[in-house]
Structures are given as C-alpha cells and as structure tokens.
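Sequences listed follow chains D and G, in order.
Counting in the working numbering, the first sequence runs from 3 upward without gaps.
Counting in the working numbering, the second sequence runs from 4 upward without gaps.
Worth flagging that the hints you see were computed from the coordinates, not collected in a lab.
Just so it is clear, CB atoms sit at the ideal spot from N, CA and C, and this is done for glycine as well.
Treat the hints with care, as some may be off.
Quick partial rundown of chain G residues pointing at chain D, CB under 10 Å, derived from the structure [said to hold, decoys possible]: (1) Glu21; (2) Leu23; (3) Arg94.
So the chains spell out like this:
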Amino acid sequence: MKAVVLGGTGGMGRAVARKLAERGDEIFLMGRDAGDLARSAADLEARQPKNARVAYAVCDLEKPEGFAAALDEADRALGGFDTVVVTAGMFATQEALEADVELTRRLLTVNYTNTVVFCEHARKRLLERGGGQLTVFSSVAGDRGRKPVALYGSSKAGLSHYLEALDHKFHAKGLSVLCVKPGFVKTGMTAGLKPPPFAGEPDDVAKHVVRAMVARKPLLYTPAIWALVMLVIRWLPRFVMRRIGF
Amino acid sequence: MAEAILSAWGRLALPGVELLGENLESLSLGTTLSRGMGRSYGDSSLPARGTDRVVSTRLANRILAFDARTGVVRAEAGLSLVELNRLFVPRGFFPPVTPGTKFVTLGGMVASDVHGKNHHREGCFGAHVRSLRMRLADDSIVTCSPTEHADLFHATIGGMGLLGHILEVEFTLHRIPSPWIFMESERVRDIDEFLAALGRAAPRWPMTMGWIDCLQRGRSMGRGILMAGRWAEPHEAPKEPPRAAAELTFPVELPDWALNPTTASLFNTAYYWRHTQQRVETIVAPEPFFYPLDAILHWNRVYGPRGFTQYQCVLPRAAGPAAVRAFMELLTRLGGASPLCVIKDCGPEGEGLLSFPLEGTSIAVDMAISPDIQRIVDRLNEFVIAAGGRIYLTKDRFTRPEHFRAMEPRLERFFAVREKWDPHRRLRSAQSVRLFGDRA
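This is chain D alone, in the form it adopts within the complex:
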C-alpha cells in the first residue's frame, strides 16, 4: 500500500501507522504539529523493514483550506497514494461540551464537516486513479443517541452515515470504504476516564483495522465484542434508554 495517514502521530492512528510500516507499506503522515510529525516519521522509518523514508505534511482538520495542498504533497512523495486513513478527530466529555458552546462548535466541525470535506478531496483523487482504500475512524458513540455522548456521538453518527453512503455509491467503481467504530480504547485521548468493560488496546485495534483494510470490509467494530454490545443498544426501546445512564 501507499498510505496517507491523517492523525498517525498519536493514539490509534500511531498504532495503525506502525502496523502498516512493519508490513513494509509506504506511508505519508499528516498531522497538526511539524515537530511531532518528524518524531513519528522517524519512529515509522525505524520500524520499516527497509528503513524507507517517511515523509509528512502539516494538515489540520480545523483548517480545511490546507487539505488539497497536503494531499498534493502526499501524492508527490508517494508517487500517487492508493490508501487514505483518517484517525484524527476531537474528543471532549459531554460535561465539557455542554459547558462550552464554542468547544461544541469546533468538535462538530472537526469530526463531521471537515472530516467529510477531507474525505471528499481524498475520495476524488482515489477514484480518478481507478479506486483505492479509504479508512476512517468513526465511533460506536454514533450508533445511538446516548446521554453520555450526545454531542460527540452526533458528530460520529453523521460521519458513519456519510461513510456508509460512500461505500454504497462508489464500491462498484473500486473505492473500498472502511468505517471503523472503536469502543473505548486506552489512549492518551481517553486518559483519566474510567475504562468500561471491554476497553481495548491501540495495538489490538490496529491489528483488526489493518486486517479489515486488506479484506476490504466496509465496517469494523473493534474490539469485536462492541458489535454485539451496540446491536443490543440499537434495539433497546426508548423508555429504557431514558432510564439508563449508558
């Protein structure tokens, strides 16, 4: 693969980028901070069997005006990418979001509007060259309107909806779209939150994701138990959802 990874410097994105590097895939990193990108690029170079160079460009999901230029740079560095992975996004607790409308606006814009815009740029380029792989991290939080993730979950619900439609529309044209729905994963983003049952590790998530990418699956719950958990939650009647805190 020749993969662009947006958000590959930390958390699950870092783990996925490492798995790809260790397979020998060529990688182009994107993220917000040039210094952090340089450190992660060095890490990936050391993990690649042939020490291949990993290039990078600054790309901030809060600055959509930079998306096209960053993807141009990735194209140049990789000689045309065939895979795009988006793990970047924002997270904040429901309490923090309810207390700060500006934070809510930013989160909704980053997680939904700008992620979709970035995917549109990537999707067009992939289709122009006959297809490819687009993997985007959404969340189980988007599967059902729930009290503890009302605002964050709504941003991911919109994103999941978009990714499903992309798959329906472009699968036949060679674009493989994978919507990843991680449950709670122990990363820097969730540090300090009490891990619920079935909390996952980034390395295990990355293993599942790469396997699903290779198999060109459209949807992945990870850890796998979350598929069952969310199935139950999706079928819970509204009067039950009103009563429980989950």
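Assemble the complex: chain D is given as a structure, and chain G must be docked to it using the hints.
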C-alpha cells in the same frame, strides 16, 4: 486524568495520581516523578504523597533515530524492552544489557541502572547510554552525557528518577549472530560448589546466573542450577527464528496461605530434580533464557493480597565465599524465603552514583510480606553492612535510612549533585521520603 491508586510489582498500593499521555515534555511540567511499567518491587515508582502527580511514560514510546551501521538508537523514555526486542532481534540487534523482565521501559532501565546476566562482561545498562534528554526540577530541559553535564548524567544513572524526568535515551544496541542462545546448565550441590562454578563460568561465558533452592539447610544449603549462555553462532542455530510463546496470564489472586514453606519446598525440590542430568547443553530461545518469569503475566498474584518484596544485595568479592555462605545460613535461619532465589557474580562498580552492583556476589530472594518482614530485612541489612555490601533500591521497600546510609559511601556525592540540580528536592518518591527524608 486520575487513577486513584498506584501499585508496584510487589503489590504495594498507595494513593496517587498518574498522568498518561504521549507528550512527556508537556506531561512532566510541574510533576514530581516519572514511572514506566511499575515493575520496581517497592516504593521507588510511587508518589511521595497521594496528591502528587506522577507521569506515566508508557505511551511516549517512539523510536527517534536508529543507525543500522552502529546500532545507536535514540528513543522516548517509555519505549519498552518487549517492543524493542520485538523490533530489533529479527534484525540482528539486542540491548547491551537486559534485566530479568522485558516489561520495563528505557527510562526505568536508566533510573534503576539495570544489570543482567552479562554484568561481569558488560556492566550495567548505564555504561551503554550515550546521552539522556531530561526535564529538570526547574522545568528546564537539558541533554546530558558522560561529557556534557556529566555530574547530572552519572547521578541519573541508577538515581531512581530523583534528578529529573528522563524524556529520551540514546544508547547502543549490540549485534547478535543469531536470534538463539547456546545454553549450558549444571546442577550444583551446595553454596561452596556454586561459588566455585560461577567463578569458573565467568571467564568462559558472557552470561551467567544461578537459581538457588534457598529453603535447603545443612549440607545441601545453596544447592541449585547454574545457567550459562552465549548467543548461538549461525551454524549452531535453527534456521527459523524463535516462535513467539503463547501469552499465559496467572488467572486469579491466590489466598495468602497458598505459598507457604511446604508448597515452596515441594516446588524447589521438583525444580531441582527436573534437571535430571548433571550438565546439559542446549539451544534455547532468548525469551525463556532472559525472561523466564515473563512467560506468565501477573505472576505476582501467586503471593496473594499480602504482596511480597525482593531482597537483593551484593556482597563484595573481598568478603570472600565465607560471607556468602554465612549470608545463606542467616537467610535460611530467618525463614520467609520463597522459591525465587537468584545468585550472580557481578563485575566492577559502574559510574552511576547510586548504581547497585559492585564486584562480588549478588543474591536476590523473593519474600512474602509477613509480620516478620521488617525484622528479617533489618537482620539481613546488618549483615550486608558488616560485609561491606549494599542493597538494590529498585527492589527495596523496607530498608531503614540509617542502614542505607551505612552501606552507601557514595550517598554524599549523590546528595551534592542533587542539591545542585534540585535544591528544593521537588522530584521525589515514596522511597526518597523513606530513605532520604524528603518531604511527603
């Protein structure tokens, strides 16, 4: 960001707040201590007080540079040995020194100045560290090395994290001829024979250590199995690389009574006689050779909720074999020992100001926590002081400050360097409160 309880490998749990994150530079600002995987046995990775914020380095684990020609690696302090080995053993590199567990971080290896089976040849890990990047008590960031801020560097090697937060470590990996170990193991009848066998093995083998049945008294006292090894040459090694062993987890916490003198003695007898031949030569994978206990995750649950400590001391060569025999007699008389008892001969003292090893014989023994434990550690420490030896801070939880002062002539030099770089002793741990009188 809080985890209300922090625990050490000996199952000591204290209130504490752990900060987890990928950016050590920002996390370490204004904090009092860093910790890695929590594998030190006692209180050295635990906070001085429950409200202190302790940095967890586990997620700061990137390799920042690797030169395949020289083996020089620079990495963030949270990179674990398990990850390092996974990446570099297949490429023909291995750390110059490894402790008996792979579940440690580079930062922890520096802070403890870990030693391994090759100490008589290679010294401690610190001897192979080229430079450290650190966050100091005044929140500045500096790079130190044997030639740059050398006093800070040498006090940090084995300094239990008290000089500053270790952010990055640069060190040299060694080339290995194959990913397999050529091992010779030998059944040994008593402690005198053990010391002689260790002495014979040291010039011949780059790696040596021994397991002792420390529940035996009388003529069989100190019987055990000596293990010596070297990296196998390509023509000796199997063609395929070692397969990753299945990950087993000790499933439950045993009750306190489960590991008692009877069950420990049964285990030791079986382990000793399992080695049916006097001497065996074999090719083994590095994992069971270097990290036999890592095969079972959470093995510390065998001690139950009471927890355990490890007493590890080194007796100087000058004290002679008689001192080791007398120590073993005292240890068996005091009781409290468990199946795990390891003996190793150490090479010369390193440059780290509080680094543990000195030329002589190191003995490490696990002991369940009991009402007698303070008395046992006191008696053993009194013996070690009289013999001119010292204990390993990474294992320690019960040594009294006056005992540590008596066994550590380098302590004043360490304090002087600490005074220079952290005059208010902002960086501190539960251990430094206990041993050095830091404020809680």
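Notebook entry, point to check: Of the hints given before, which are not true for this structure?
Noted result: No numbers; nothing is violated.
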